Amino acid sequence: MSAAVTETPIATLTLDVNGEPVSVRAALSTTLLTTLRDELHLTAAKRGCNQGVCGACTVSIDGEPMRACLSLAQGCEGREVRTLEGLGDDPRLVALQRAFAAHAAFQCGFCTPGMLVAARALLERDADPDDAAVRAALSGNLCRCTGYARIVTAVRAAARALKEPA
Amino acid sequence: MALSGMLWPRTVDEATALLAEDPDARPLAGGATLVAMMNARVLEPHALVNLGRIDELRGIVREPDGGLRIGAYTRHRETAASALLTGTGAVVRHAAGQIANATVRNMGTIGGSISFADPGLDYPPAIVAADAEVEIASVAGRRRIPAREFFVDWYTTALVPGELVTAVVLPRPESGGAAYVKHARVSGDYATASAAVCVAAGGALRAAIGACGPTPLADAEVDALLSRDRSDAAVTNAAARLVALADPLDDVRGSSEYRRLLIPRLLLRAVRRAEATTAEAHA
Chain A
1 MSAAVTETPI ATLTLDVNGE PVSVRAALST TLLTTLRDEL HLTAAKRGCN
51 QGVCGACTVS IDGEPMRACL SLAQGCEGRE VRTLEGLGDD PRLVALQRAF
101 AAHAAFQCGF CTPGMLVAAR ALLERDADPD DAAVRAALSG NLCRCTGYAR
151 IVTAVRAAAR ALKEPA
Chain B
167 MALSGMLWPR TVDEATALLA EDPDARPLAG GATLVAMMNA RVLEPHALVN
217 LGRIDELRGI VREPDGGLRI GAYTRHRETA ASALLTGTGA VVRHAAGQIA
267 NATVRNMGTI GGSISFADPG LDYPPAIVAA DAEVEIASVA GRRRIPAREF
317 FVDWYTTALV PGELVTAVVL PRPESGGAAY VKHARVSGDY ATASAAVCVA
367 AGGALRAAIG ACGPTPLADA EVDALLSRDR SDAAVTNAAA RLVALADPLD
417 DVRGSSEYRR LLIPRLLLRA VRRAEATTAE AHA
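Sequence order for the protein chains is A and B. At position 134 of the first sequence the residue is numbered 134 (the numbering used here), and the sequence of numbers has no breaks. At position 175 of the second sequence the residue is numbered 341 (the numbering used here), and the sequence of numbers has no breaks.
To be clear, the hints were calculated from the coordinates, so they are not data collected in a lab. This one's a predicted model, so the numbers in the text were calculated from it and none came from an experiment. Ideal Cβ placement from N, Cα and C applies to all residues, glycine included. Among the clues, some could well be false.
What the hints assert, rightly or not - Label pairs and their in silico Cβ distance ranges:
| hint | chain 1 | residue 1 | chain 2 | residue 2 | range |
| --- | --- | --- | --- | --- | --- |
| 1 | B | R338 | A | R160 | 43 to 53 Å |
| 2 | B | G307 | A | R79 | 42 to 52 Å |
| 3 | A | E77 | B | P230 | 30 to 40 Å |
| 4 | A | E164 | B | S422 | 17 to 27 Å |
| 5 | B | M203 | A | R79 | 18 to 28 Å |
| 6 | B | G233 | A | Q51 | 28 to 38 Å |
| 7 | A | P91 | B | A410 | 37 to 47 Å |
| 8 | B | A445 | A | E20 | 21 to 31 Å |
| 9 | A | A101 | B | A445 | 17 to 27 Å |
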């Protein structure tokens with residue numbers, strides 16, 4: 001499915017995606033999500049609802065988790081966009097990925113990239129979140145498979161793993 | 167003249183000049199509402215006036231008279247964490263913290279939210295209860311209107327083409343308490359119904375009900391009654407008056423009958439919670 005719209009004015013943009021300047025063409029109504037997926041082939045961020053509800057498209061913009069589907073590509077010039085693909089050097093992300101696998105915190109996996117980006121941001125500001133803090137931080141990320149319990153368990157396990165001496 | 171593309175004014179004057187030049191150009195703030203509408207093809211603007219580089223629209227500042235000016239581009243996250251929103255002004259902080267979810271609160275702005283004027287939003291009843299004014303700019307200059315007059319009908323505000331919300335201005339917060347109680351189907355949803363209450367330490371109370379009519383439901387007699395007497399019986403009487411004034415929808419979030427049943431319960435909870443925060447503040 002492509003949400004690209006071509007009728008609105010097109011511009012050539014330079015975006016900062018995962019630390020690299022990239023040149024893309026995007027219509028006024030093209031979202032960052034469409035540019036990431038369809039132009040840059042960065043497909044970790046998923047197009048679920050395209051209305052900002054499901055959280056599957058969550059990426060980091062200027063250091064904070066945001067909705068790629070509610071961000072227009074033409075509005076992202078001059079901002080630091082980090083997708084899941086560009087966060088792999090962060091030990092928090094690695095710990096989360098291991099914990100999600102160890103605790104079976106996904107089934108179909110569609111929501112997982114958004115969960116990981118949001119959970120990474122949580123661990124950055126709170127190294128030891130309790131269940132309520134994890135649930136609050138991930139309340140904008142819908143999972144239709146797991147019932148969330150394993151996701152919460154995995155995020156807390158990742159937090160514990162990060163505190164252990166390497 | 168029709169404008170085209172993403173436009174980046176640096177001042178409010180530049181922004182309103184662009185909006186005057188092309189009435190079909192849309193102001194864009196956080197995108198939480200406008201981009202969702204574009205994705206749904208409800209709107210397909212050819213020009214967007216991006217407000218993201220206008221310093222004046224950002225942040226919360228204290229005005230000379232003690233009032234609090236919340237710039238239109240202030241994101242919900244910042245409002246929800248503001249140490250300036252105390253006492254009766256805390257109702258706006260409480261509402262901001264209950265909007266959608268943490269990720270959307272990183273994006274959405276108060277100006278964009280109130281301009282959408284969906285009855286299920288959290289800010290409208292809160293800024294009505296706070297007795298706020300909405301500051302509006304156009305090429306003709308600036309005007310301020312009471313929040314109650316800003317919300318006109320379902321999804322309709324007092325804005326006319328070419329106008330832009332520049333700030334929500336709260337009166338100087340009084341010592342006292344405030345509460346915003348929201349009932350929603352799930353965390354992060356629009357309100358099925360909500361109640362915003364501010365109680366000044368001297369007793370003056372202001373209440374507004376959300377999502378039970380085209381605009382926030384508030385009534386001077388209800389406020390007067392609850393400013394004198396906040397017994398359970400008085401709250402029940404006040405709520406009955408609000409129920410009679412309500413005009414709720416039947417929709418996926420609840421029937422109109424259900425919403426009418428929620429009003430007394432949410433009002434009582436909000437009044438008691440506001441009183442409790444007053445007590446804490448003075449303990």
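Hints, verified against the model:
no., hint, result
1, R338/B to R160/A: 43 to 53 Å, "holds (47 Å)"
2, G307/B to R79/A: 42 to 52 Å, "violated (33 Å)"
3, E77/A to P230/B: 30 to 40 Å, "holds (37 Å)"
4, E164/A to S422/B: 17 to 27 Å, "violated (56 Å)"
5, M203/B to R79/A: 18 to 28 Å, "holds (22 Å)"
6, G233/B to Q51/A: 28 to 38 Å, "holds (35 Å)"
7, P91/A to A410/B: 37 to 47 Å, "violated (60 Å)"
8, A445/B to E20/A: 21 to 31 Å, "violated (55 Å)"
9, A101/A to A445/B: 17 to 27 Å, "violated (49 Å)"
Checked against the numbered hints above, the structure breaks hints 2, 4, 7, 8 and 9 and satisfies the rest.
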